[in-house]
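Undergrad: Residue-level listing of the chains:
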Amino acid sequence: MSLAMFLQHGLNGLTLGSLYALIAIGYTMVYGILRLINFAHSEIFMLGAYFVLWGTTLFFLPWYVAMVVAVVVTAGVGILVDRVAYRPLRDAPRISALISAIGVSFFLQNLTIVAFGAIPREVYRPLWLETPMLMGEVRVLPLTIFVPTLSFLLMLGLVWVVYRTKAGLGMRAISKDIETSYIMGVSVNRIISLTFGIGSALAAASGIMWALRYPQLQPVMGSIPGFKAFIAAVFGGIGSIPGAVVGGVILGFTEIMAVAFFPDLAGYRDAFAFVLLIAILLIKPTGLMGAKLEDKV
Amino acid sequence: MQAQRTILNLLAAAVLGLFLWWAEGHLDGYKIQILNLIAVNIILALSLNLIYGFTGMFSLGHAGFMAIGAYVCSVLILDPAQKEMLFILEPAYTWVQQAQAPFFVAVMAGGLAAAFFGVLVGAPLLRLGDDYLGMATLGFAEIVRVLAINLPRVTNGALGFKGIPGHANLWWNYAWCVFTLFFVVRLVASNSGNVFKAIRDDESAAKAMGIDVFRHKLLSFSLGAFFAGVGGALLGSLVATIDPKMFNFVLTFNVLMIVVTGGLGSITGSVVAGVVITILLEWLRVVENPLFIGDWELPGIPGMRMVVFSLALICIILFRREGFMGKREFNWGWLLRSLGNKAGRHGS
Amino acid sequence: MEAEAILTTRNLTMRFGGLTAVSAFNAAIPRGSIVGLIGPNGAGKTTCFNMITGFYQPSEGQVHFKGRDITGTPPHKVCHSGIARTFQNIRLFGNGTVLENVMVGCHVRQATGWWQAVLGLPSSRKEARALMEKSRELLAVVDLGDLADEKAGALPYGAQRRLEIARALATEPAFLLLDEPAAGMNPNETQELMGFVRDIRRRFDLTILLIEHDMKVVMGICEHIWVLDYGVTIAEGCPEAIRANPKVIEAYLGEEAVGHA
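Protein chains in written order, with the working numbering: chain Y, 4 to 300; chain C, 72 to 419; chain E, 15 to 275.
The hints are simulated quantities; they were obtained by calculation from the structure and are not laboratory data.
Among the hints, a few may not be true.
Unchecked claim - When the alpha-carbon atoms are kept at most 27 angstroms apart in a straight line, the in silico DSS-like pairs for lysine-lysine are as follows:
| id | chain 1 | residue 1 | chain 2 | residue 2 |
| --- | --- | --- | --- | --- |
| 1 | C | LYS154 | C | LYS233 |
| 2 | E | LYS148 | C | LYS398 |
| 3 | E | LYS148 | E | LYS80 |
| 4 | C | LYS398 | E | LYS165 |
| 5 | C | LYS233 | C | LYS102 |
| 6 | E | LYS80 | E | LYS91 |
Stated by the list, open to error - Listed below are several chain E residues computed to face chain C (Cβ distance under 8 angstroms; list not exhaustive):
| id | residue |
| --- | --- |
| 7 | CYS93 |
| 8 | ARG99 |
| 9 | PHE101 |
| 10 | ASN109 |
| 11 | MET117 |
| 12 | CYS120 |
| 13 | VAL122 |
| 14 | GLN124 |
| 15 | TRP128 |
| 16 | ALA131 |
| 17 | VAL132 |
| 18 | GLY134 |
| 19 | LEU145 |
This structure is a prediction, so every number in the text was calculated from the model and none was measured.
Backbone N, C-alpha and C fix where the C-beta goes; we use that ideal spot for every residue, glycine too.
Using the sequences and the accompanying hints, generate a full structural model.
TA: Right under this line is the structure:
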C-alpha cells in the first residue's frame with residue numbers, strides 16, 4: 004500500500020474514530036455518574052440526524068441553522084428521557100434502569116419509523132465537503148478534515164466545562180460519590196440533567212456528521228455505531244472521558260485499517276467490535292484508563 | 072395433598088389436550104399459528120426466567136441461542152435434495168448436505184447445540200457483573216448473526232433457509248412447552264432452585280454457604296440456553312423460513328418483555344404473560360396494516376406495534392417493577408380454597 | 015494451650031495496595047473452645063475472617079484447618095471443609111423464605127443433584143424430605159420454628175441474626191465464625207445470645223471464633239482473646255489478662271468499650 008493510500012485510510016479512520024468518540028463520551032459520562040448503560044444513546048445519535056432532515060424539509064431552515072437547532076433539540080430529548088424513564092428508578096435495582104433504557108431505545112427507534120417511515124432517507128450535503136482536494140499525491144475529502152477538527156473543538160469545549168466550571172466540578176463530585184454530593188449541597192438532579200444534555204448534544208453532533216459521511220438516514224442507523232461507541236467507552240475505561248476519546252479513535256482507526264488491509268474480513272467487520280468487547284471485559288474490565296470499582300464483602 | 076396435586080396436574084394436561092384437539096379441527100390456520108407461537112414464547116420466557124429471574128444473570132443473548140437451535144434443527148430436517156436447491160451462494164459442506172434426523176432428535180440437537188454454546192460462552196462471561204454481562208451476551212448474539220451471514224456453506228449466508236418442513240404442529244409445540252414447564256417447575260422447587268435464588272439474592276453469602284456459585288450459574292445458564300435452542304428450533308420449523316436478520320435484538324426484546332411483564336422469578340407470570348403478550352403482539356399487527364372501512368382506506372402505521380410495546384415495557388418498569396405476578400406462583404391449594412370460599416358463600 | 019488446635023494461622027498478612035490491613039496474625043484455636051477477636055473499628059478483624067474463609071487471598075502466611083493447609087482455597091470449598099460464618103452486615107437471601115435460607119445451607123452436604131430432582135427419583139425425594147426436616151429442627155434450635163414460611167427479609171433484626179446462625183449451622187461446620195453477633199441487640203437479648211452460643215457449641219460440637227464489640231459478651235464467654243489494632247496483634251490471652259493489659263486499654267482509649275470492660 005502506498006503512503007498516499009495509507010494517509011487516506013488514516014484520515015478515514017480518524018473521521019470514523021472521532022464520530023465514535025463523540026458518542027462514547029455520552030456513554031461514559033452517564034455511566035460514570037449513574038452506573039447506567041444508557042441503551043437509548045444510539046437512538047439519540049440517530050435522532051440528531053433526523054432532526055436536521057426535519058428542519059430542512061419541514062421548516063425549510065438553511066442546513067447550518069437546522070444543524071444547530073437539531074443539536075439543541077436532541078439535547079432536550081436526552082434530558083427528557085432521563086427525567087421520564089431513568090430518574091424514577093434511581094433507587095431501584097440497577098438492571099431496572101437498564102431495562103427501561105432498552106425500552107426507550109425501542110420506543111424512539113419505532114417512533115421514528117412511525118414519523119418518517121422505515122425507508123432510508125437522503126440528507127442534504129453541502130457540495131464543498133464532497134469535492135476531493137489534491138494535496139500532493141493524496142486525494143483528501145474536505146469532510147475527513149472537517150469532521151475530526153469539529154469533533155476536536157467540541158471535545159475541547161467539553162473539557163473546559165468539566166474541568167473549569169462549577170457544573171463540571173459537580174459532575175466530578177457526583178461520579179465520585181453521589182450520596183455525599185447530595186449532602187454537600189450539589190444540586191444532583193440538575194447536574195445529571197446537564198450531563199444528559201451535553202452527552203446527547205455530542206451524540207447529535209456525531210449523528211449529523213455521520214449523515215454527512217454516510218448520507219442514508221434510517222431509523223436503525225444508530226444501533227451499530229451506538230454499540231461500537233459503547234465498546235469504545237469500555238475499551239477506554241468506562242467513566243473516563245479521555246478514555247472514551249482514545250477508545251473511540253482507536254476503534255475507528257483499527258476498523259478502517261483492518262478492512263483496508265484484509266478486505267476478505269470485511270464481512271466480519273461488525274463482529275470484530277463485539278469480540279473486542281468480550282475480550283476487554285474478560286482481560287481488563289477497567290479498560291485503558293478506568294478506575295477500579297470493587298465490591299465489598 | 073401430593074396425590075391430589077398429581078391428579079389435578081394430569082387433569083389440567085388432559086384439558087389442554089382436549090382443547091388442542093378441538094382447536095386443530097375448528098380453528099383457522101391463523102389462530103392455530105397464534106396458539107403455536109404462544110407455546111414457543113412460553114418456552115422462551117421460561118428459559119430466560121430461569122437465567123435472569125431465578126438466577127439473577129442479566130442475559131441478552133437469547134436470540135443467539137435461538138438462532139443456533141433453529142439452524143441446527145433446520146439443517147437436520149431439510150432433506151438433502153432440498154438442501155441442494157437451497158445452497159445457491161456456495162455448495163454446502165458434505166456433512167451439512169447429508170445430515171438428517173427425525174424431528175424430535177433435530178429439536179433435541181438444536182437445544183443441545185445451544186446448551187453447548189451456553190457453556191462455551193458462559194464459562195468466561197458469567198464472572199461479569201450484571202449490566203456488563205448483558206452487553207457481553209448481546210455481543211455474543213450479534214457474533215452468532217455475523218457468523219451466520221459469513222458461513223454460507225453451513226447457513227446459506229444472508230439468504231438463510233426456505234421451505235423448512237413444518238413438523239412443529241400444535242402437538243409437538245405443546246409437548247415441548249409442557250415438558251419445559253414441568254422441568255423448570257421441578258428444578259425451581261428443588262433445593263437447586265433454592266440455590267439459584269440464593270445466588271440471585273446474595274452471591275457472597277451463597278459462597279459462604281459452600282455453594283459453588285460459578286458451577287451453578289453455568290448450570291442455570293446452559294439449561295436456559297438449551298430451552299432457548301429448543302424454542303428457536305420449533306420456531307424455525309413453525310415459520311418455515313429463517314435467515315440471520317430474523318435473529319436480531321427484537322427477538323430477545325420480546326422474550327424479555329414477557330418475562331418482565333409476568334414477573335421476574337415467577338413461572339406462572341411467564342406462562343400468563345406468554346399467552347397475553349403473544350396474542351397482543353399478533354393482534355396489534357392490525358395497526359400496521361391498512362384498514363378498509365367500506366371503500367375508505369385507513370393507512371397502516373408501520374412501527375406502531377413496537378411503539379406500543381416499548382411504551383408498555385417502560386410503564387411496567389416504572390410503575391410495577393415486580394411484574395404482574397411478582398414472585399408469586401399459582402398452586403392448586405390456592406385455587407381450591409378460593410373456589411371453596413365461593414361455593415361456601417353460595418351455600419349460605 | 016492444652017487441647018489440640020483445630021485452626022491455626024501463621025503470619026497471616028493482608029495488604030491492600032500500600033496499606034497493611036492485617037500483619038502477621040498468628041493464632042492457634044483449640045478444638046471446642048470459644049475465642050474472641052477484638053479491636054477498635056478498622057483494626058482488621060473482618061479482614062481476618064475474610065482471609066480464613068477464603069474471601070480474600072492473604073498476601074502472606076497460611077491458614078491450617080484440621081491439619082490441612084487451606085490458604086487461598088475458594089470460599090465454597092472452605093465451607094465444605096467445615097468452616098461456616100455469619101456476616102457483620104446481615105446477608106440473608108432476602109427474597110427466600112426462612113426455611114429456604116436454611117435449606118440452602120444444607121446444600122453443601124446434599125448428595126443428590128438437580129437432575130435427580132427433576133426426574134423425581136426416590137433417592138432425591140427422600141433426601142429432600144430429610145433436608146426439610148433437618149432445616150426445621152435447626153429453626154427450632156434458634157427459636158424460629160413458627161416463622162419457617164415467612165420471607166427472610168421481612169424478619170425483625172434479632173431474628174435475622176439468629177437465622178443467619180441457623181443457616182451457617184446447616185452446613186454442618188466444625189468451626190463457626192460469628193461477625194458481631196450481638197450488634198444491635200439490647201442487654202436482654204445479649205444475655206440470651208451468650209447462653210445460646212454456649213448451647214450450640216455443646217450441641218453441635220463446635221469451635222467458635224467471634225468478633226464482638228460488646229465487651230460484656232467477649233469477656234463473658236471467650237476463653238481466649240486476640241486484640242488487633244491497626245492490623246497488629248497487640249495482645250492475646252485469657253479475658254482477665256486482656257482486661258489488665260495496658261496496651262489494650264490504650265488502644266480502646268476514648269472508645270466507650272473501655273467503660274464496659
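Undergrad: Decide, hint by hint, whether the structure agrees.
TA: Tested hints:
1. Taking the CA atoms of LYS154/C and LYS233/C, the gap is near 10 angstroms; set against the 27 angstroms cutoff, the hint holds.
2. The suggested pairing of LYS148/E with LYS398/C holds, with an alpha-carbon distance near 26 angstroms, which does not exceed 27 angstroms.
3. Only pairs whose Cα atoms come within 27 angstroms are accepted, and LYS148/E paired with LYS80/E is accepted, the gap being roughly 26 angstroms.
4. Between LYS398/C and LYS165/E the CA atoms are separated by roughly 12 angstroms; this keeps the pair inside 27 angstroms, and the hint holds.
5. Using a Cα cut-off of 27 angstroms, the hinted pair LYS233/C and LYS102/C holds, with the two alpha carbons roughly 22 angstroms apart.
6. Using a Cα cut-off of 27 angstroms, the hinted pair LYS80/E and LYS91/E holds, with the two alpha carbons roughly 14 angstroms apart.
7. Nearest Cβ of chain C to the Cβ of CYS93/E: about 3 angstroms, under the 8 angstroms cut. The hint holds.
8. Taken as an interface hint, ARG99/E checks out: its beta carbon lies about 5 angstroms from the nearest beta carbon of chain C, inside 8 angstroms.
9. At about 7 angstroms, the closest approach between the beta carbon of PHE101/E and any beta carbon in chain C falls short of 8 angstroms, and the interface hint on this residue holds.
10. The restraint placing ASN109/E at the interface with chain C holds, with a minimum CB-CB distance near 5 angstroms, inside the 8 angstroms limit.
11. The interface hint given for MET117/E holds, since its Cβ lies 5 angstroms from the closest Cβ of chain C, which is under the 8 angstroms cut-off.
12. Below 8 angstroms, beta-carbon pairs count as interface contacts, and CYS120/E has one with chain C at about 7 angstroms; its hint therefore holds.
13. For VAL122/E, the shortest C-beta to C-beta distance to chain C is roughly 3 angstroms, which falls under 8 angstroms, so the interface hint holds.
14. The interface hint given for GLN124/E holds, since its Cβ lies 6 angstroms from the closest Cβ of chain C, which is under the 8 angstroms cut-off.
15. Among the interface hints, the one on TRP128/E holds; its C-beta lies about 4 angstroms from the nearest C-beta in chain C, closer than the 8 angstroms criterion.
16. At a threshold of 8 angstroms, the smallest CB-CB gap from ALA131/E to chain C is about 3 angstroms, leaving the interface hint in force.
17. Evaluation of the VAL132/E hint against chain C yields a held restraint, the C-beta minimum of about 5 angstroms falling below 8 angstroms.
18. Contact between GLY134/E and chain C, as hinted, is supported at the beta carbon level, the nearest pair being about 7 angstroms apart and thus within 8 angstroms.
19. At its closest, the beta carbon of LEU145/E sits 6 angstroms from a beta carbon of chain C; the interface hint therefore holds under the 8 angstroms criterion.
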